[in-house]
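Guided by the hints, dock chain X with the ligand onto chain H, whose structure is given.
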Amino acid sequence: MDFGLTEEEAEFRAELRSWLATTLPRLPPKPSPDDWPGRRAYDTHWQRLLYDAGYAHLHWEAAPGLRLVFLEETELAGAPYVGANFVGLLHAGPTIAAEGTPEQRERWLGPILRGDEIWCQGFSEPDAGSDLASLRTRAVRDGDDYLVTGSKIWTSHAEIADWCELLVRTDPDAHRHRGISWLALPMDAPGITVRPLRTLAGTAEFAEVFLDEVRVPVANRVGAENDGWRVTMVTLSFERGTAFVGEVVACRRTLAALAVRARENGRWDDPALRRRLGRLHTEFTALWRLTQWNVSEARAGGGVPGPGGSVFKLRYSGARQELYEAAAEVLGPDALDLDREWAVDRLSALSYTIAAGTSQIQRNIIAERLLGLPKGGA
Amino acid sequence: MRFRLTDDQRALKSATRELLDRLRPPKALRADASGGAPRLDRVMWAALAEAGVFALRLPEDAGGVGLGAPEAVLVFEELGRALAPGPLVATHLAAGRVPGAATGETVVTRADGGLVAWLDEADVVDGGPAGPAESPAPGPGGRTAPGAGGLSGGPWGGPASGPGAQGAVPLRSVDPLTPLHRVPGPAADGPWDPAAALLTAAEQLGTAGRVTELAVRYAREREQFGRPVGSFQAVKHLCAGMLVRTELARAAVYAAAVTGDPAETAGAKLLADEAAVANARDCVQIHGGMGFTWEADVHLHLKRAWVRARSRPTADEAAETAALALAESAGESTGPPVPNQAL
Ligand SMILES: Cc1cc2nc3c(=O)[nH]c(=O)nc-3n(C[C@H](O)[C@H](O)[C@H](O)COP(=O)(O)OP(=O)(O)OC[C@H]3O[C@@H](n4cnc5c(N)ncnc54)[C@H](O)[C@@H]3O)c2cc1C
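In order, the protein sequence lines correspond to chains H and X. Using our numbering, the letters of the first sequence correspond one by one to residues 1 to 378. Using our numbering, the letters of the second sequence correspond one by one to residues 379 to 721.
One chain only, chain H, in its complex shape (with noise of 0.2 Å):
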């Protein structure tokens, strides 16, 4: 058990440190939730950025050591995080890169590193949330492609998406697990619709998306046909496991200047409240070391991560939550407008322990894939 760096890591950390202090200064302004031509822009700006830097592939590479210190490093230095690019670069990406043809690496994962193309994800549908392997949106062969029906919903960034991770029924008649395929969607096939969904924080994040007969070439689907759920499985394993660490550094700066404005605004004289904070510091420190020890268990097993990152992602997400109504405590008056950065950001919070599958959902995970207690009873 060691924290100290490898030779290559503590180069790599000099390095990229440097790199930051002079590519930060000269990024334009960062746009505004709502616009997301801007967004779009301005995301993609920064990966190619990292790209070119020859950083761009720290999210997957077999050196997870050297992600650690990247995520430490970006976002102590108040770098952007991944943005738009959350999906590609962080669930479709490694699923390609696990899954994939060697094709299908070829066609998508380069784009992706270069910030060319954003990716979405349509797995939950209006009747299929929780219930994932119930989904309804069917795909039915013609020739070489899919002819893909049916509806999408909460599809974050759909807007501005050129690829979607789909899932979709191959076969209506097999097991309900045994009949998914996974699909990657062109975005701006014929048959598509987007309707913009307006969350409780007031932006319009995510979407619904309808499908109506839209061609999809069988030479996207990603696994064999019909085997869909295990690539799904694959998929959810990285978007719990590793998507949400980066957060983790953000949270513990957020939680730093809300020390600060505690001890400005003399709210930092309440014990109950400095302790609450100092509470807040431990339990981020630890999720921190938490994803330190997943990341080099990760390493030493290699390849695509266990359940275990149900254990985070459930800590995590209720974390970020009390880091939020702490802020408020702090703020007083302040944390009910929304003009100031909390009042969003608190609303935001609410979604931690719903999006990636809702607590609840994680705790049937924990019980059942890591202690073993039997299936259902729900």
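Because the hints were derived from the structure by calculation, they are not lab data. Just so it is clear, the structure is predicted and the values come from calculations on it, not from any experiment. By construction, the Cβ of each residue, glycine as well, lies at the ideal position given by its N, Cα and C atoms. Mixed in with the good hints there might be a few duds.
Cut-off 20 Å, straight-line C-alpha distance, at most; resulting in silico cross-link-like pairs (DMTMM-like, lysine to aspartate or glutamate) [claimed, not checked]:
| id | chain 1 | residue 1 | chain 2 | residue 2 |
| --- | --- | --- | --- | --- |
| 1 | X | 391 | X | 428 |
| 2 | H | 30 | H | 2 |
| 3 | H | 375 | X | 591 |
| 4 | X | 391 | X | 591 |
| 5 | H | 30 | H | 116 |
| 6 | X | 391 | H | 75 |
| 7 | X | 405 | X | 591 |
| 8 | H | 375 | X | 601 |
| 9 | X | 405 | X | 675 |
| 10 | H | 30 | H | 341 |
| 11 | X | 391 | H | 116 |
| 12 | H | 375 | X | 599 |
| 13 | X | 405 | X | 673 |
| 14 | H | 30 | H | 345 |
Computed footprint of chain X on chain H; a stretch qualifies when at least three of its residues, placed anywhere within it, have a C-beta under 8 Å from a C-beta of chain X [as the list claims (entries may be wrong)]:
| id | region |
| --- | --- |
| 15 | 1-13 |
| 16 | 363-370 |
Structure of chain X with the ligand alone, referenced to chain H:
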């Protein structure tokens, strides 16, 4: 960076577990708990000493095992898991300072959090904390040298058999396996000892893991409504919560052993106390009526967890320490808060 157990560390942990399974079979636990005022089993104590529990961190040329804080934490996790009795932390910390402690001939206890455990059975009451033999040179920036872990440094220091237990009054201990005396005065305030905090946190971690196992095992065996109670979601979710608390505490305790950072150690104690106490309570709940009896061992784990949670730093002290560290880190940090990250 390789924050995972080495093969040697894994082997040490499992060898310790095997030893304790032999020395402390669950039957023994039950018998001790029902037998009136507990006596310290000197044969077991000698066996622990023989296995290197007390001399673990003494240099080899001083007759010790020459290992570090991370290894000590792994061993104390197992001791906690097995509910091993006796002033283990105090004796371990006295090794090298109090003659006979390292070899198990001298049983050493100390006052902590207004209490002193095993007073009548101990040979020496440690008046205080680590003397010079324990304190390696501080590293750069005033931190302890790497590898020293949380087991050194600090402002306390004192003679081997100080007045730690003057005026001690016996109380009827809630934990039938830990006799306690109340001690008045300064022993309850002043600086706390990170070394003791870390090892106690490790014991709590052991308890947190053990009661999770006991709960899961019972939930798989016990049937109601024609199926195992572990198939009911309310029970499953309690068990899942137990594992999550344990794993976070584990990351915190192991990390504190490696960094030796006092604030991280306080945080580890906080999370490990919470994990041990809350998990043991949930374990009682999952055992139903059985959990409320003297027959199931669960209450013994809960009571021990309460005793350890009382040792310092307590939850409030740990949270204050963490708040101080947060304020310091906030002073260093630059730039605006990180904006909301969209999913
Ligand atoms: C901000 C945000 C972004 C999202 N982005 C995407 C995206 O890009 N792509 C995508 O495909 N999806 C996305 N989602 C969808 C998300 O994955 C689902 O909302 C989530 O899986 C829950 O499904 P549901 O909304 O249908 O809720 P339901 O499944 O209807 O759940 C309702 C309630 O019942 C509980 N519940 C359901 N089943 C069980 C059970 N077996 N045991 C115990 N409790 C249960 C749930 O925990 C919840 O509290 C996003 C969601 C949010 C909030």
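Task: Proposed proximity, residue 601 (chain X) with residue 375 (chain H) (alpha carbon, max 20 Å) - done: With Cα atoms ~14 Å apart, residue 375 (chain H) and residue 601 (chain X) stay inside 20 Å; holds.
Task: Pair hint outcome, residue 391 (chain X) versus residue 116 (chain H) [Cα-Cα no greater than 20 Å] - done: Distance ~50 Å between residue 391 (chain X) and residue 116 (chain H) Cα, so the pair is violated.
Task: residue 405 (chain X) paired with residue 675 (chain X) [C-alpha distance capped at 20 Å] - done: Between residue 405 (chain X) and residue 675 (chain X) the Cα gap is close to 10 Å, so the pair holds against 20 Å.
Task: Given coverage of the region 363-370 of chain H by chain X, checked by CB-CB distance under 8 Å (3 or more) - done: holds (count 6)
- [ ] Please work out if residue 30 (chain H) and residue 341 (chain H) have their alpha carbons no farther apart than 20 Å.
- [x] holds, 13 Å
Open item on the list: Tell me if the straight-line CA distance from residue 30 (chain H) to residue 116 (chain H) falls inside 20 Å.
Closed with: holds, 19 Å
TODO: Measure nothing beyond the straight line between the CA atoms of residue 391 (chain X) and residue 591 (chain X); if it is 20 Å or shorter, mark the hint as holding.
DONE: holds, 17 Å
Open item on the list: Can you confirm whether the C-alpha distance between residue 375 (chain H) and residue 591 (chain X) stays at or below 20 Å?
Closed with: holds, 18 Å
Open item on the list: Need the status of pair residue 30 (chain H), residue 2 (chain H): alpha-carbon distance at most 20 Å?
Closed with: With a Cα-Cα distance of about 38 Å, the restraint between residue 30 (chain H) and residue 2 (chain H) is violated, given a limit of 20 Å.
Open item on the list: Does residue 599 (chain X) sit within 20 Å of residue 375 (chain H), going by the straight-line distance between their CA atoms?
Closed with: Between residue 375 (chain H) and residue 599 (chain X) the Cα gap is close to 14 Å, so the pair holds against 20 Å.
Open item on the list: Please verify whether residue 391 (chain X) and residue 428 (chain X) have alpha carbons no more than 20 Å apart.
Closed with: It holds: about 16 Å lies between the C-alpha atoms, which stays within 20 Å.
Task: Restraint check for residue 405 (chain X) with residue 591 (chain X), where alpha carbons must lie at most 20 Å apart - done: Holds, at roughly 18 Å.
Hints 2, 6 and 11 from the list above are not met by this structure, while the remaining hints are.
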